[in-house]
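Build out the structure end to end from the sequences listed, making use of the hints.
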Amino acid sequence: MNEKIDDLNWKILKSLQENARSSFADIGRKVGLTPPAVAERIKKMEDLEILEGYTAKVSHAKTGHQLKAIITLRAFMGKLKPFLATVVTFNEVINCYRITGNENIIMEVVLKDQFHLEKFIDQLIQYGETRTHIILSNVISNAPIKQNMD
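Heads up: the sequence shown begins at 32 in the numbering used here, then just goes up one per residue.
By construction, these hints were calculated from the structure, which means they are not laboratory data. Beta carbons are placed, not taken as given, at the ideal position from N, Cα and C, and that holds for glycine. Treat each hint with caution, since some may be false.
To be verified - Across the chosen pairs, the derived CB separations fall in these ranges:
id : residue 1 : residue 2 : range
1  : 105       : 78        : 13 to 23 Å
2  : 128       : 80        : 12 to 22 Å
3  : 129       : 60        : 33 to 43 Å
4  : 173       : 121       : 13 to 23 Å
5  : 165       : 37        : 14 to 24 Å
6  : 170       : 93        : 33 to 43 Å
7  : 57        : 177       : 18 to 28 Å
8  : 115       : 57        : 36 to 46 Å
To be verified - Simulated pairs of lysine-lysine, DSS-like, Cα-Cα distance not exceeding 25 Å:
id : residue 1 : residue 2
9  : 61        : 42
10 : 35        : 93
11 : 42        : 75
12 : 61        : 112
13 : 61        : 177
14 : 99        : 88
15 : 42        : 88
16 : 99        : 150
17 : 61        : 99
18 : 99        : 35
19 : 143       : 88
20 : 35        : 45
21 : 45        : 74
22 : 75        : 35
23 : 42        : 74
24 : 177       : 42
25 : 74        : 88
26 : 35        : 74
27 : 75        : 61
28 : 150       : 177
29 : 61        : 74
30 : 177       : 74
31 : 35        : 61
32 : 99        : 74
33 : 143       : 99
34 : 35        : 177
35 : 93        : 61
36 : 61        : 110
37 : 75        : 177
38 : 45        : 177
39 : 45        : 88
Below you can see the structure in the form of structure tokens.
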């Protein structure tokens with residue numbers, strides 16, 4: 032077990048993963064600490080980069096992006112590095128991972144419709160062979176990291 036994450040820190044992390052906007056007082060009531068003690072522990076976890084940041088969840092569908100997909104890329108010889116330099120410019124990509132296996136890249140993308148998807152794939156095919164999987168629904172999304180995963 033990570034000695035920097037004791038049982039109280041795990042409880043704080045659980046609370047923050049449920050609602051990152053919770054006040055120190057609210058978290059303190061849940062975990063049995065004073066608000067200053069909660070603030071100090073959170074600051075230490077931020078300093079140690081256990082807590083990497085705080086984000087807002089945005090509905091892609093309600094922002095006009097009706098299509099969500101997973102696209103894998105098997106890069107052509109010599110095209111992986113140029114792709115890695117370019118992928119950061121694609122507004123459609125919300126997550127991108129370099130992976131092992133037959134494919135080099137897996138991306139989660141949001142798009143307006145199938146025509147937008149077609150144009151996006153046209154941009155990708157210069158870098159390699161793509162495989163697209165349309166996401167029908169979320170089964171698990173941003174599940175919290177839990178203390179006892181073994």
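Do the hints match the structure? See the list:
no. : hint                     : in the structure
1   : 105 with 78: 13 to 23 Å  : violated, 40 Å
2   : 128 with 80: 12 to 22 Å  : holds, 19 Å
3   : 129 with 60: 33 to 43 Å  : holds, 42 Å
4   : 173 with 121: 13 to 23 Å : holds, 22 Å
5   : 165 with 37: 14 to 24 Å  : violated, 43 Å
6   : 170 with 93: 33 to 43 Å  : violated, 20 Å
7   : 57 with 177: 18 to 28 Å  : holds, 20 Å
8   : 115 with 57: 36 to 46 Å  : holds, 41 Å
9   : 61 with 42               : holds, 8 Å
10  : 35 with 93               : violated, 40 Å
11  : 42 with 75               : holds, 15 Å
12  : 61 with 112              : violated, 47 Å
13  : 61 with 177              : holds, 16 Å
14  : 99 with 88               : holds, 15 Å
15  : 42 with 88               : holds, 22 Å
16  : 99 with 150              : holds, 14 Å
17  : 61 with 99               : violated, 36 Å
18  : 99 with 35               : violated, 37 Å
19  : 143 with 88              : holds, 18 Å
20  : 35 with 45               : holds, 15 Å
21  : 45 with 74               : holds, 16 Å
22  : 75 with 35               : holds, 9 Å
23  : 42 with 74               : holds, 15 Å
24  : 177 with 42              : holds, 9 Å
25  : 74 with 88               : holds, 23 Å
26  : 35 with 74               : holds, 13 Å
27  : 75 with 61               : holds, 19 Å
28  : 150 with 177             : violated, 39 Å
29  : 61 with 74               : holds, 18 Å
30  : 177 with 74              : holds, 20 Å
31  : 35 with 61               : holds, 20 Å
32  : 99 with 74               : violated, 35 Å
33  : 143 with 99              : holds, 9 Å
34  : 35 with 177              : holds, 15 Å
35  : 93 with 61               : violated, 33 Å
36  : 61 with 110              : violated, 51 Å
37  : 75 with 177              : holds, 19 Å
38  : 45 with 177              : holds, 7 Å
39  : 45 with 88               : holds, 17 Å
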